[in-house]
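*Asks:* Line by line, the protein sequences are chains A and B. For the first sequence, this note's numbering assigns the number 2 to the initial residue and increments by one for each residue that follows. For the second sequence, this note's numbering assigns the number 1005 to the initial residue and increments by one for each residue that follows.
Calculated directly from the structure, the hints in this document are not laboratory data. Here a beta-carbon is modelled for each residue, glycine too, at the ideal position from N, C-alpha and C. Hints may contain errors.
[Claimed, not checked] Not the full set, but computed from the structure, chain A residues with beta-carbon under 7 Å of chain B:
{"#": "1", "residue": "101"}
{"#": "2", "residue": "328"}
{"#": "3", "residue": "381"}
{"#": "4", "residue": "484"}
As a plain string of letters, each chain reads:
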Amino acid sequence: MSLLTALSASRLAEAVRKGEVTAEAAAQAYFDRIERLEPTIKAFLAVTKETALDQARLLDKKRKDGGKLGVLAGVPVALKDNIQVKGVETTCGSKILKGHIAAYDATVIRRLKESDAVIVGKTNPDEFAMGSSTENSAFQNTTNPWDPACVPGGSSSGSAAATAARLCAFSLGSDTGGSIRQPAAFCGVVGLKPTYGLVSRYGLVAFASSLDQIGPLTRTVEDSALALSVIGGHDPLDSTSAVNAPQATVPIPRDLKGLRIGLPREYFIDGLDQEVEKSVRSAVEVFKSLGATVVEVSLPHTKYAIASYYIIAPSEASSNLARFDGIRYGFVDRSASTLEEVYEFTRGAGFGPEVKRRIMLGTYALSAGYYDAYYAKAQRVRTLMARDFKEAFKQVDLIAAPTTPTPPFRFGEKTDDPVAMYLSDVFTIPSNMAGNASLSMPCGLSAKGLPLGVQLIADAFQEERMLSAARAFEAARPFPVLPEVLP
Amino acid sequence: MSVSDDDVRRIAKLARLRLTDDEVRLYGGQLTKILDAMTELSALDTSSVAPMTSVLGAVNVMREDVPRPFEDREALLANAPDRDGPFFKVRKVRA
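Taking the hints into account, I'd like the entire structure generated from these sequences.
*Replies:* Printed below as a string of structure tokens:
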């Protein structure tokens, strides 16, 4: 029955709805695969096999009794471990939340359940979604399914690896500076960062609230659109949820004739790996052959993206992570004798090195005397970056660019140098800063057989146009399929 | 600019983080390097640019001011390391 795990989520849901396969058989096929491959991939922090099989059997019974199943009928889904699933541990990959059981469902989880998806587990992230390699997880390193010596990217590391290795039909991640798109590129799957406000953040553990968005990691573009149609839409429980966002729909392939695609000059720079550049340029030729016109555009403030992001995101994180105090969740350092010590000891022992580094950086940037020079300055630069995109989208419908400056790198390659690690996000950060829609999809393999990604960027709420173009690309140039090289 | 050990200790105090001496030295060096990489921002003239306050110009959302009880209070309290019935229990404020 391993053929079941080769189906797209869209096709599997259709098969379950029609009664061609049972939800239980589909779930069991994925759990068999998890049992076999998880010791190598280490994508999961929790596998919810029993509740998933119970849920699948309930769906099968509902169908047998004449009930109508939802658009994700029996589709096994994995969730990044910073998204709350009631009754299941949420750790964010951090020791400070070890043992913390979610008291409620995130809005995206409620919507997945209402669509009859089956939740198979929680995936390993970099701690509090801070990282690009999973090396910042307090618990384990997830490996890249294409080569276990390479990182899967991050911070939605387990979600990307599980989706690529077919340990789930699709997954959800979160993207603050590229944390969906960069691991999607490294693992050879489709990673979508929706427009800020399109998907509710209720139940997502906050990292940088003005940048965070939840989005799907899928093996096909159609699945990305399907997942977005389920999780997107206004939510009164998130005050930043967009009120009049267009209803996300499943796009149909379309003629690209007349579509204008821009190549940002500032993304094709020294330091861009030649294999990545060649692969992205060849993807652009595919778009041309489908009828798109391609012009150069300029996003002149791109070079300030990393510096401004690494002020804004840590500043917001230092504020958001103040809630982890040893009083309300999971871990506490019991050697403390006063309240003040409870805070300091618990946080000192509970947070890992990168999280502490960012809390320190953010606290510094927000502290008296430095606020204007750092935080306010970075927010001014952010205004300029958003303007860059507004200008570019007067000339073009979509922007095409590399997702990452390099192919997947090896474990240990960048752990000693935070600034080198931060540079992994140079092409993905600008879309978070401007709040617009963006995705990464596979555009080829490196000479070593590792996945490479091309990024599409669209103006706010233009997901349908972006996904339609991506789907036309996928039809013309099918994505590389992970070979069965694993035990 | 260079971030001294005293700077690191002052920031760590503000952030309620207990750091070891090794961590103080490590973060001092790393913060110096990271802040150096950020000085490129000061070269950019932003005197006529407003800081971004809302990424897509969100409008204020209002709702009726009525309490909405959380569905499962016990599940929230169950996560506390120390509790006293329906209360979170904390250590004494002064030693």
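*Asks:* State for each hint whether it applies.
*Replies:* Taking the hints in turn, this is what the structure says about them:
1. 101: holds, 5 Å
2. 328: OK, holds: residue 328 of chain A within 7 Å of chain B, min 5 Å.
3. 381: holds, 4 Å
4. 484: violated, 40 Å
Taken one by one, the earlier hints fail for this structure only at number 4.
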